[in-house]
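Taking the hints into account, I'd like the entire structure generated from these sequences.
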Amino acid sequence: MTPPAARLPPLFADWFVSRGWSPRRHQLEMIAAAQNGSHALLVAPTGGGKTLAGFLPSLIDLAERGPRPPHGPGSGIHTIYVSPLKALTTDVERNLMTPIREIGLNIHVESRTGDTKQSKKQRQREFPPDILLTTPEQLALFCAWGGARAYFADLKCIVLDEVHAIWSGKRGDLLNLGLARLQSFSPGLRRVALSATIDDPDLIAQWLAPGLPSPLAGEGGGRSPTDEGSHHPVDLAEPAQNSEGQSDPSSVSLREPPSPARGEGIVIVKGDPGAVPIIDVLVSEGRVPWAGHTGQHAIPEVYEAIQRSGLTLVFVNTRWQCEFVFQQLWAINDENLPIGLHHGSLAAEQRRKVEAAMARGELRAVVCTSTLDLGIDWGDVDLVIQMAAPKGSSRLVQRIGRANHRLDEPSRALMVPASRFELLECQAAKEAVAENAFDWEPHHIGTLDTLAQHIMGVACSEPFDLGALHAEVTSCSPYRGLSYEAFEEVVDLVATGGYALRTYDRFARIVRTPEGRWTVRNAMIAQRHRMNVGAIVAAGTLNVKVASRRGGASKQLIGGRKVGEAEEWYFEQLTPGDTFVFAGQVWAFQGINGMDALVTHATDRDPKIPSWGGSQFPLGTSLAARVRAMVQDRDHWRVLPVDVQEWLELQAARSMIPDADSLLIETFPRGSRHFMVAYPFEGRLAHSTLCMLLTRRLDRLGVGPLGFVVTDYAFAIWSIKPMDGLDWDALFQPDMLGDDLEAWLEESFMMKRTFRNCALVSGLIERRQPGAEKTGRQVTFSTDLIYDVLRRHQPDHLLLRTARSDAASGLLDVARLGQLLSRIAGHIRHAPLERASPFCVPVLVMIGRERVGGDAADMILEASAQDLIDEVMEDAHPRPGGAELMGAA
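Residue 369 in my numbering is what sits at position 368 of the sequence shown, and the numbering runs on without skipping anything.
All clues given are correct.
Subject to a maximum C-alpha distance of 25 angstroms in a straight line, what follows is the list of computed SDA-like cross-link-like pairs (lysine to any residue):
no. : residue 1 : residue 2
1   : Lys753    : Gly535
2   : Lys722    : Val704
3   : Lys563    : Ala589
4   : Lys563    : Thr542
5   : Lys118    : Gln351
6   : Lys122    : Arg769
7   : Lys271    : Ala438
8   : Lys775    : Gly561
9   : Lys775    : Glu566
10  : Lys775    : Arg529
11  : Lys87     : Arg768
12  : Lys87     : Arg769
13  : Lys118    : Asn96
For the record, the hints were derived by calculation from the structure and aren't laboratory data. Quick caveat: nothing in here was measured; it's all calculated off a predicted structure.
Right, here's the structure in full:
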């Protein structure tokens with residue numbers, strides 16, 4: 002039975018009528034949750050009025066309270082709204098002011114982000130608004146302020162928008178700790194979260210309000226106000242329905258104002274599904290390329306789609322692809338259509354110009370990355386185009402939701418697969434969206450470097466008692482299992498830097514008071530802490546320099562001529578001697594010195610380690626499982642284009658079709674090399690880590706591995722000697738995640754770079770100081786020294802353990818790799834072949850692409866693909882048309 006929903010006050014009901022609207026069921030149920038004082042999680046489709054539903058209870062409560070006194074009780078902030086993006090707070094402020102202005106409410110709304118002027122921030126402290134719109138980082142700053150307890154004493158509600166984008170990771174840890182802090186300031190505080198793309202609402206509900214039951218409103222599980230345990234029954238009438246089944250606003254009024262102090266539990270409210278989006282998968286000129294990653298082959302048809310539509314958002318997955326697609330569209334823009342560019346590497350001023358032009362309706366298309374993913378209402382978007390596969394159903398839903406942005410009208414989207422494997426992924430994503438199946442997020446355990454930052458912030462705000470703060474911290478879902486001893490170790494890190502660093506005075510940031518409580522050591526340290534709050538460490542780049550030896554062959558390597566710049570994460574995985582391609586040449590990696598990656602010209606012209614441009618989204622676990630199942634299910638092939646069906650049939654004839662729960666390995670000779678190609682479908686990151694570990698094992702076996710290359714779907718390793726006779730079960734034993742992984746981490750530079758990030762988040766090292774900011778080189782020099790000291794004198798230091806955990810979970814995807822190895826144990830299928838199979842083409846062609854960058858890359862890829870296709874098609878007896886029939890790119 003659906004729980005009763007609240008009635009709207011006449012003032013608000015009249016406003017809905019004046020707009021020609023009816024309040025939606027989930028909006029009324031959010032008011033009912035507020036009446037009962039319950040925390041609430043709202044999961045509703047994009048365009049369904051989620052943000053208004055989150056704010057309605059606060060607007061009603063503030064309207065019924067009337068004008069507040071300028072100072073004293075009841076004069077503080079009523080509601081805080083937290084969004085993951087600064088731009089989203091600006092957009093929400095603009096949209097929230099519409100009902101406030103049209104209803105005639107005396108409610109003051111302000112935003113506070115990193116861009117807010119200091120004078121305005123100071124005024125907000127003295128004269129707080131009724132509703133404050135902010136970000137997780139600004140909330141953490143507020144909690145580290147000396148007047149925080151009194152300032153937030155009247156806080157009634159906190160609303161977390163787009164919670165799926167915030168809750169996991171270190172940013173989510175910091176926010177969850179902040180929620181617990183605010184709850185200690187205002188015990189009656191209600192927590193509200195909003196999202197359109199949550200696969201497991203119960204998991205998010207436990208993160209939002211841990212330890213509390215999760216009644217599900219709207220699906221028979223909601224808490225009735227008269228249920229046992231509800232100490233204050235409230236009269237909530239069922240709203241009348243109009244002819245279309247929507248609530249009649251003329252029949253609604255609030256019987257009682259919300260009373261958070263009597264709240265119990267958390268309510269999960271699920272909105273009604275919106276119109277089913279219209280999603281098409283583009284098959285350019287009736288064919289799908291065998292290989293590719295940019296979708297360049299379909300640019301003319303993408304341009305035609307832009308011509309036929311109003312404002313079009315063209316989403317890509319990396320900044321490099323963003324620039325590439327923009328240039329390709331501009332090159333054929335014969336009609337001189339206004340096309341914009343929007344990604345995170347552009348200056349903020351340039352991004353704001355594009356956003357303003359979108360809002361004014363001056364652009365026909367914008368090529369963008371995830372910077373425009375979230376619920377920002379920039380204008381009347383007519384079409385969303387996804388270039389290349391989306392890598393996750395939740396991301397696809399979020400991006401599709403930018404089109405039309407209205408619940409009752411279907412969004413239009415066009416996916417442009419760059420290859421045949423990507424077409425399978427696009428089809429799987431389309432089916433997942435139709436089934437409302439979103440990406441699954443694993444349970445997250447709170448990180449200790451983030452906790453150290455929070456403890457420092459608490460000490461800056463007020464002296465704290467160890468036992469009381471431990472109880473507060475363990476009330477947070479990510480830290481529920483944190484022992485008192487582990488908590489004391491984190492406090493000791495903040496107080497001394499740890500055993501090996503306690504003799505250095507600069508690491509002593511908090512001290513004990515005579516009463517036995519902990520507080521910040523002095524005002525200067527508190528100021529430095531506030532300047533460095535946040536859990537986001539910007540991804541750095543390294544200068545790639547040709548190495549030379551200072552003072553002869555036995556002396557230290559130093560950087561000489563600069564070759565260029567590349568992302569730091571790429572070099573973290575290398576060990577000295579590894580060869581790779583950069584700027585069209587093969588280099589041998591020698592090491593990292595400060596912010597320089599030192600390289601020498603390689604004598605071997607074949608690179609061992611693959612390279613690719615820019616960071617990429619990981620292939621979602623649930624979407625990967627769907628692709629594996631689709632490949633195995635022959636009946637499912639009927640929904641695919643004819644050339645893709647023929648490709649699958651040819652694979653079955655020439656080799657095998659991978660099973661969903663096994664691993665297919667193909668081995669074959671090609672030229673002077675011997676190849677192993679496998680199809681785990683687990684994403685580039687897990688595949689890259691697996692190949693790093695496998696090549697170590699193959700080297701010990703005397704096979705002579707020469708290199709590897711990975712895609713989201715497969716990987717290839719090539720060697721001097723044949724690999725047909727290997728014991729595959731032994732080679733893929735999960736124990737590689739033990740000693741082999743540890744040895745690789747110790748030899749690579751990944752641990753040093755991960756430790757640097759942990760040191761910055763924990764506050765052990767500060768990048769910003771009054772009047773100055775350390776360069777990346779200065780920060781790295783400091784953290785490298787500390788890392789070496791701890792390795793020698795305290796190898797079990799808390800931050801070293803945290804760095805190992807971060808490397809395993811984030812940079813290496815070890816958990817996913819472990820699941821893969823467990824899944825395939827005893828289920829490895831080996832197909833010894835005379836030549837490459839059809840499935841091999843997309844991964845093998847990447848080997849030829851490594852040497853060439855820029856516009857020539859796709860030409861090389863096309864030529865290499867054609868050579869491989871001709872090889873694969875030999876003796877295959879295709880229908881007339883040969884490789885062209887098979888859709889060669």
